[in-house]
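Engineer: Chain order of the listed sequences is G and A.
For what it's worth, the numbering used here labels the leading residue of the first sequence as 18, then goes sequentially.
For what it's worth, the numbering used here labels the leading residue of the second sequence as 39, then goes sequentially.
Incorrect hints may appear among the rest.
Stated by the list, open to error - Below, simulated DSS-like cross-link-like pairs (lysine-lysine); rule was C-alpha separation at most 27 Å, straight line:
(1) Lys386/G to Lys431/A
(2) Lys431/A to Lys565/G
(3) Lys276/A to Lys794/G
(4) Lys341/A to Lys177/A
(5) Lys463/G to Lys406/G
To be verified - If you want the ones that stay clear, here's a sample from chain A, every Cβ over 12 Å from chain G, calculated:
(6) Cys156
(7) Gly162
(8) Arg365
(9) Gly430
(10) Glu515
Calculated directly from the structure, the hints in this document are not laboratory data.
Where a beta carbon is used, it is the ideal one built from N, C-alpha and C, also for glycine.
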Amino acid sequence: MPYLLRQSVFFCLVFWAILSSARAQSVSSTERLSFNRQVRPILSNHCFQCHGPDEESRATDLRLDLKASAMGDLGGYRAVVPGHVDQSELISRIQHMDPDQKMPPIDTGKRLTDREIQTLTQWIEQGAEWPEFWAYQPFPKHPAPSTEADSGWGNGWIDAWVLRGLARQGLQPSRRTDPTTLIRRLHFDLTGLPPNPEQVRAFLKNPSEETYQQVVDQLLASPHYGERMAMYWLDLVRYADTVGYHGDQDHNIAPYRSWVIDAFNRNMPFDQFTQEQLAGDLLPDPTLQQQIATGYNRLLQTTHEGGLQPKEYRAIYAADRVRNVSSVWMGGTLGCAQCHDHKYDPYTSKDFYAMSAFFADIDDEQHFKVGTNALPTRRPPELLVIGKKDRRILDELSAKVRSAEQERKSLEAKAKTLEGNDRDAAQQELDSLNAQIKSWQDELRKTESRGQWTMVTRALSKPRISRVLPRGNWLDETGPEVQPAVPEFLESIELDRRANRLDLAEWLTNTEQLSGKLTARVLANRIWFLLMGSGVSPSLDDFGGQGKPPANPELLDNLAWELIENNWDIKELIRKIVTSETYRQSSITSAQQREKDPYNQLFGRQDRYRLPAETVRDTVLSVSGLLNSQEIGGRSAKPFQPEGYYQHLNFPARKYQPHVDQRQWRRGLYIHWQRQFLHPTLKSLDAPSREECTAERPRSNTPLAALALLNDPSFLAAAQVFAQRILTETKGDIRTGVEYAFEAATSRQPDEDEARILEQLFRQSLLEYQSDPTAVKNLLSRSLIQPPETADDAELAAWVTVARALLNLDETITRN
Amino acid sequence: MNCPIDKQSETINKVNRRTFLTRGGVGLGSAALCSLLSADASARPGTLVDGEKLPHFPPRIKRVIFLCMAGGPSHLETFDFKPELIRLHGQPMPDSYTQGQPIAQLQGQSLKIQQPLCKFSRHGESGLEFSDFLPWQSKIADDVCVIRSMVTEQINHDPAHTFMNTGTAISGRPSMGSWVTYGLGSETENLPGFVVMTSVGGRNPQPIASRQWASGFLPSRFQGVEFNASGDPVHFVKNPAGISRQTQRRLIDSVNQLNRHRNQLTGNPETDTRIAAYEMAFRMQTAVPELMDFRDEPEHVLKMYGAKPGDGSFASNCLLARRLAERGVRFIQLYHRGWDHHGGLKKYMDICCGLTDQPTWALIEDLKQRDMLKDTLVIWGGEFGRTPMFQGKGGVGRDHHIKGFSMWMAGGGIRGGQAYGETDDLGYHAVKDIVHVRDMHATLLHMLGIHHERFTVPFQGLDMKLTGVEPARVIKEILT
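Produce the entire structure from the sequences given, and follow the hints as far as they go.
Structural biologist: Spelled out as structure tokens, the structure:
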């Protein structure tokens, strides 16, 4: 194409572009756009790949992640000229008719929608405001807006800010939910267990503010609170009972889980919680508990597969740890910088390797050589953890053995000097002493075997060398060496020695600095998620440029400040949230809400969702009366699972031995977590394999989950025990039985229709079982639990049907 | 496609009440879920939010059957004949080949050249070479395209399987079967869209983790469902003892009735989904036993595969694969565990080929006879190949090898009777027309009508693709 012609075509195109953007404006509203929430995500998603932080893939000098570059002179023109759409190259290029000129280039597969183009245009029109990226900025505490605070709705800054957020979109909060739903919700949220009917009735009798506050206090003080919080934490840190790779052998780590539960129950401040896990071993004279906490550094997947390349796995482990620490504490995707600088966030590849250097002192390569195909395998260094009572017994026994051995020595010496009968007598004395020592020693061993081994962190005297691996290639050792350091754009740790894991923990939780504030926001967002169903920023695991900024930023800031000002007091933050009116709203969605805020990002209602996998199990067992919730912490439990489920495991070949005693009825969080073959019922209900950090589980609703709830023998046993209770409590009166059972499952009384449906189900089932005694026998005799003698087995069987129906009810397993 | 994944789950739960009701759930691809956001009552699978549609172009095939020879079969004893190995047998492997290369169990040992333990001959009109370990597969020489230049990046079994299935060794990514059912849905309302089966026999069966068929960051209903040969074919698909079909039916009816009743008050779309899920669960309780029941197969068909009902063999699984294919299942993956031949190569090749060779042939033949091969892609291969160098763990064997190995494809759109790509004279490096695992993925998607560059799902800020960030290409040369 001749030059002139090309020029004129170009101008026509630009002219057309301006015209069409003008057209776009004409349909736009006058809403003031938020750069961070509405504009930056478009730039990030469509432009940063080539005009972003990654130096290697940057096509030109133009960077659209930096204000100076985006508004700077590019040789007579600028990408963004505030207030002047017609002069902004950005706009003309995204609307260009010439496929070679149009941005983003076609071969990237990226395409801007009309609405996105309109947003960019309108933003430039409005003056192209460009505040710094929200997540990496310090933030103030915001005083509650007075209009909202005085509105008559709500009881504090949470409600005032939620109200302000709703008002911005012309929405109102929902009404308060009914007391039954509220108390049930609160129990699920704080303990992961449903309330029993007595607890519900007690609250209904006097559902006052005071009673509510009391229940909140009670539940926060319950040992089940720690279990509930641990369930979530274990997802984040990818806790599992097996090594994950290859043979997926068991490894010793259960005491770490007990430590987490205990730490939440004692309301350990989050900075200490962080420090002990990342670096408890580096504290002066670490206590046993602090050493157990360092199991955190050992939770990653490991292998001793024959033919493994130590350097390769050294790199894999390092990357795994960086991914986890950055996800858990920083809400960051630093893992993306393993092979190149981050495409969307200012993390460099060097940051990634410098971060990994913090963990280069962890002694965890012994298993490359000594790992065995036994169950459990060997993963030194490990520590034997013995309970307090047993430790006392051990101390006493050892003292006894020591003194008896002294006595033996002198006896032996004496016996040598004796003759005849005297000598025989001494020998007899010696024999009985030996027998005594032996029995004490046996006792010692027995007591010791009650202890549990657990993986811990020990520091090598000389850390491994860390270097940048070009493109993540562990075979390439040409990259520069790096020292432990935090990502450069997030301040730094200034020391005259090598920084260590303690320094990292301190940096992550120092709220004087940006880093600690970032952690506070990440944590506060997740706690809000646990209580409201979604985060204030919906991206629980990505606070970076590709994540979604909070729709109500002041709310998130203040939640974080709550942690900062109260010395990382998690229970206090939870108390604040659950006593707000926001928390107590109904979860029923109005048509207006569905239209204006379909994903409830403004929290004008509560959320309703199926309970997490473990909680579904706990609920079913709890309703039936089968749950064993006495023991807090401790070893993993093995409930029934289908025969042969581990058939594809090898080294060693695996046969699952389910517990047949009370252990099989322990809470879901204690179920043996086999990474490669997670218990099929948990899996069907979206429990993760715990290979990576999971901040938010999917919530699916599948036929496989339905089959598990209907037919898993553990659930069937629960139904049978439940049926037994119905029968005993109601002495055969059908309506009474239905009402009793319904309330146990759902916390409320059935209405007339509901009662009738269940009565009918009972009668039909009874008829069927009465005419088929073999079925009754099969149902009751093949159960995991032997039923006691009853007068009428057919009646019990029919109640099993009703119990199963109730345990499969949507309402039973939904948190409203 | 561009349906934000974090909204995906919410879509399923909150917005989309029609999915299960109209499509029976597991069958429906996410593409349709996205479209429901736009309140379009006539939403079809393949309609995307921003107007893009799946498939991107007319597909050549409807389904994939992936025969995964777990453990890593030797390419040098199957499809890649190297006379030079015979000439140099017993001599040290030249450093120029192995310098700087990753090596598994032979680390630090002296490396000697090992000749093939079998003869090769040409078959079919095409004259494609097969080893005499594979008398049955050689009969379908004109149907298969052998790729002799495969390369992968992981040298240990577990990560290599993960790489083969997900395109990366990083955990938490979806497997290809999940990608495919996510994108295209399935054509059955009674069975899952992605089914996995396994069999064992050979040397030191390597473990297979369920992550190999995990859906990663895609919604969990797109994960592969394992069908078992013994016990319940699908977990909990059978009613417990003493519960009749009628009782179960009544129970589900009552549960659904109660859920519907309550939902008049709460208006929760997820409740509708649950009602549909229970309906499908009930249908599966019939469909799965029917599927597993070979009584409707004539004797000659059983004989052709060498299948005995319920024996859990690769032969039975191949027959089941055909039955699944007939019923509209989109992605079927069969693992045979036993190909890790560090030693006893001859003995174990005999065993592994004895168990898998005839059924593989039978599957292709059977599909052909039913006119289904034309819209099925069958892929055969391991997670890697084996070294030209000797290893002696209990007799002559070979170590893991990732720099050049063989796989084959057959079926709709594949030009059979050809070999594509080459390794060097010693069968070490792929040197001509190298095919990376992600090229295989790109090709597979292409045959299903999907442009691999445009099939993305946002996750943690990235537009994730099965083929990852490195360039991948469709191997057009092997297509008709």
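Engineer: Compare the structure with each hint and give your call.
Structural biologist: Here's how the hints hold up against the structure:
1. A hinted pair counts as satisfied when its Cα atoms are at most 27 Å apart, and Lys386/G with Lys431/A qualifies at roughly 19 Å.
2. Proposed proximity of Lys431/A and Lys565/G is contradicted: the alpha carbons are some 54 Å apart, above 27 Å.
3. Between Lys276/A and Lys794/G the CA atoms are separated by roughly 18 Å; this keeps the pair inside 27 Å, and the hint holds.
4. Between the alpha carbons of Lys341/A and Lys177/A the distance comes to roughly 17 Å, so the proposed pair stays at or under 27 Å and holds.
5. Taking the CA atoms of Lys463/G and Lys406/G, the gap is about 13 Å. The hint holds against a cut of 27 Å.
6. No beta-carbon of chain G is positioned within 12 Å of the beta-carbon of Cys156/A; the least distance is around 25 Å.
7. At the 12 Å boundary, the C-beta of Gly162/A stays outside the reach of chain G, the nearest C-beta of that chain being 35 Å off.
8. Listed as a non-interface residue, Arg365/A keeps its Cβ farther than 12 Å from every Cβ of chain G; the least gap is roughly 15 Å.
9. With 12 Å as the threshold on Cβ separation, the claim that Gly430/A sits away from chain G holds: the shortest Cβ distance comes to roughly 14 Å.
10. For Glu515/A, the requirement that its beta carbon stay farther than 12 Å from each beta carbon of chain G is met, with the minimum near 22 Å.
Hint compliance for this structure: hint 2 is the single one not met.
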